[in-house]
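One line per chain: the protein sequences are A and B, in this order. Those letters in the first sequence? Residues 1 to 549, per UniProt numbering, in order. Those letters in the second sequence? Residues 1 to 318, per UniProt numbering, in order.
Treat each hint with caution, since some may be false.
Stated by the list, open to error - Result set (DSBU-like, lysine-lysine): computed pairs, CA atoms no more than 35 Å apart in a straight line:
#, chain 1, residue 1, chain 2, residue 2
1, A, LYS100, A, LYS139
2, A, LYS203, B, LYS168
3, B, LYS168, A, LYS200
4, A, LYS370, B, LYS168
5, A, LYS100, B, LYS168
Just so you know, these hints were derived from the structure itself, not from any lab.
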Amino acid sequence: MSQMTVYTARNIRTMNPSLPEATVVAVKDGRIIEVGTLESMAPWLEAHDHVVDNRFKDHILMPGFVDPHLHPTIGSMLLPCHWVTAMEWQLPDRVSPAIKTHEGFMDRLAEIERSLSDPREILISWGYHKIWHGDVYRKQLNRISDSRPIFVCQRSFHEIVANDAGIDWMEPARDELERHEQVDLETGRFFETGMFLALKSLKRIMMDPERFAQGMAQMKKLMHRGGETTVGDMAFPLTDEAFEWEMLSDNFGSDDAPFRIAITPRGINDMASYGGRTADELKRVNELEERSTDKLRFTNSIKLFADGGFNAELMQLLPPGYIDGHHGEWMMAPEVFEDLARLYWNAGKQIHVHCTGDLGVELALSVLEKLQAERPRFNHRFTIEHLGVSTPEQVRRIKDHGGIVSAAVYYVHELGEAYWHGSIGFERASQMSRMGTLERLGVMTGFHSDFLVSPPQPLKLAWVAVNRIAESGAVLGERERTSLDFAMRAITIDAAYVLNMENEIGSIRAGKLADFTVLEADPWETPLEDLKDIPIWGTVFEGRPFPIK
Amino acid sequence: MTTRIPITILSGYLGAGKTTIINRLLSGDHGRRVAVLVNDFGAVNIDASLIETEDDNTISLTNGCVCCSIGDDLGAALDAQAARHIPPENILLEASGVAEPKRIATHVGFWPGFELDALIVAADAETVRNRANDKFVGQLVRSQIRHADIIALTKTDLVGPEAARGVKAWLRNQVPNARIFEAPNGTLPVALAFGADRASNALSGPVEPAPHSHLRTVMCVPGTGLSRAGLARAIEALPSSVHRVKGFFRDLETGRMTLLQCVGRRHEFLEAPTDTETVLVLIGVGSDTEMNGAMDLLTASDALEADPKSTFAARISD
């Protein structure tokens with residue numbers, strides 16, 4: 001048995017309402033022994049060998065932050081790209097500043113090009129968005145380099161723009177590119193299905209194991225800087241199960257990685273190929289769960305999908321729909337969704353459903369209502385993931401049927417104003433990510449980054465929820481702001497509940513795993529608009545301090 | 001002449017009968033080397049005696065067809081077909097039930113080495129009208145039908161002739177001039193799925209009959225050159241019982257041999273080798289009178305020349 005460590009702190013925000021604040025926490029073998037003061041825990045200290053560690057005497061301890069929904073695989077693919085972004089991103093080895101003009105975009109890209117030491121490197125940039133960066137064309141990219149292939153990838157992969165060197169480097173011959181309806185060689189744009197031609201060549205680079213491993217190393221640093229100690233991989237695998245499992249095991253399975261990942265398998269192996277053989281799907285999921293370890297753990301949950309991506313404007317909307325009249329898409333046929341939801345409901349699993357638009361939420365709720373009628377369950381934690389556009393009445397129904405929410409709160413910050421002007425109008429755009437309603441109706445809610453939808457920085461998510469400061473700096477939807485308590489619960493104990501792990505993590509109390517996020521300032525003593533800027537010292541993972549280097 | 005492999009997309013919402021169509025097409029004795037790309041490999045159900053080899057994601061059949069699973073990378077699945085020792089003559093691609101057909105048509109129709117032949121949408125006579133009004137998928141089902149070159153109306157035997165007529169009337173109301181083919185038991189003749197045989201440039205070989213169906217093929221060798229503009233106008237005016245037109249003709253304006261391909265309401269003109277023989281082939285479900293009338297309409301597109309019309313016409317029907 002190892003020695004007990006007694007951490008003193010300026011304050012400990014336990015997120016346990018029975019003992020909300022403390023100054024000392026005793027830790028042994030990775031678990032919390034007791035929380036309180038040196039006086040209150042005297043019986044423990046007298047009975048056991050211990051050291052008092054005062055390194056946090058000027059710091060605030062919080063439970064290790066929980067990010068219940070992100071995608072380590074997508075992050076690992078894109079982090080090694082060169083980022084030029086409209087929002088500021090603090091990356092482990094660099095800051096990608098907020099660049100909101102066309103000139104700014106081109107200048108930054110040119111600067112990156114000049115900084116590359118290897119003349120053979122293919123320059124792949126990520127983060128371009130027309131709303132802020134205007135049109136980027138082949139000839140403009142040629143001016144940056146006429147010899148190095150340059151590919152500018154749109155933020156949510158709507159399009160890729162290439163220079164001439166890039167077009168020449170690609171596999172397909174020019175005449176095959178020329179005839180494509182969604183490739184425009186004059187402007188160098190590969191959009192929608194035309195983009196697959198560009199990706200065909202780029203994938204060889206992006207899925208290179210060495211590059212991918214570098215991406216995963218950056219991913220870990222980024223999560224650590226955000227103060228995260230537990231994250232949910234909310235749909236395993238992305239594409240290649242064996243490769244992704246190997247990468248996760250190598251990078252997150254070791255003792256020096258201060259995280260655990262709660263892995264939620266896809267409830268459908270291949271979106272298109274589901275043939276109604278539910279027994280096969282259940283068997284696959286159950287077999288995956290047998291791999292569970294402390295650090296890569298399966299939590300009796302599965303992920304299903306309703307409607308399309310929010311950033312891609314493919315969410316399914318109830319009337320009046322989109323301003324331009326286009327339609328969203330279903331990621332799974334509604335009947336398939338219902339079929340699989342019933343399978344996993346009856347198997348006692350927790351069902352997470354990707355829902356971005358109010359018609360998507362409607363589908364999830366109508367199925368939940370059916371399942372409750374067929375075979376009522378308590379504590380099922382049917383989770384609406386994202387909740388982009390929704391109605392207040394739907395939130396009431398989520399509550400009535402025992403559902404919970406894992407929310408993409410960042411949408412309103414990045415896209416609120418853009419969707420007001422260009423997609424769905426003010427009323428619905430200003431109420432996207434309606435966290436205030438969730439709080440008023442008492443719906444259990446976690447906040448997630450869904451990285452790369454938003455940065456894996458829970459304090460930044462909480463900042464969005466309490467302020468709803470949109471990208472211009474204006475407040476959007478003030479009635480949907482939440483209290484600080486609600487927001488801080490949503491990145492700790494309530495996020496742990498979403499992952500079915502609230503008995504082990506999410507608050508600081510005797511018996512739980514000793515995961516702490518160490519802050520330089522107390523969120524409750526910080527102006528709400530500065531919440532995101534509280535410096536993070538690092539984390540303690542299962543009792544071991546991991547400072548941010 | 002193009003050397004791209006033509007793709008026929010089989011779209012349609014869940015339960016529309018796509019899998020039955022695929023199973024029948026795969027086991028049919030039609031002499032066409034077809035690769036069928038499916039989403040759900042497990043649903044493919046073929047008599048074991050027709051299977052030559054089988055592995056995790058490919059079944060090779062004794063009739064020269066193969067069936068492969070698409071997996072999660074459509075482009076890679078197409079590349080694998082193009083890379084085969086003997087590439088297929090045609091590809092039938094099963095679209096996911098929730099795919100917007102126009103998007104998938106653009107994706108595969110412009111994939112290097114491939115081109116779109118036809119977009120066939122299966123519609124279930126029993127359920128299509130309800131589905132088209134469904135709160136969740138109504139818009140998608142209507143969009144699938146609207147974008148079809150040819151609608152394969154399945155399960156008509158289950159609803160009876162009167163109800164089938166009702167569904168057809170409703171479909172035509174949704175899509176004026178819709179090309180509808182009744183496929184009660186899931187039989188989609190290869191001539192309808194892939195058009196007249198590509199193997200012979202001149203299309204002059206025997207035109208295959210389509211057993212057990214009401215599909216007719218009408219062939220004609222126009223005695224003169226034809227005008228593109230005239231043909232385009234004639235195609236607009238074709239009755240909805242004509243599903244496909246393919247032919248080689250001498251373009252009156254340019255004097256060049258030209259290939260006309262028309263599926264449903266969509267047509268294109270392409271350059272053809274100079275030594276191709278002139279011929280027009282119509283495939284459809286009209287009566288003899290209707291089909292011959294349609295052929296007359298097309299061959300009348302000789303506005304620049306005065307002289308004789310068809311010198312030869314062959315008609316094959318079951």
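Hints and how they fare:
no. : hint                : result
1   : A/LYS100 / A/LYS139 : holds (21 Å)
2   : A/LYS203 / B/LYS168 : violated (46 Å)
3   : B/LYS168 / A/LYS200 : violated (42 Å)
4   : A/LYS370 / B/LYS168 : holds (34 Å)
5   : A/LYS100 / B/LYS168 : violated (53 Å)
Of the numbered hints listed earlier, those contradicted by the structure are 2, 3, 5.
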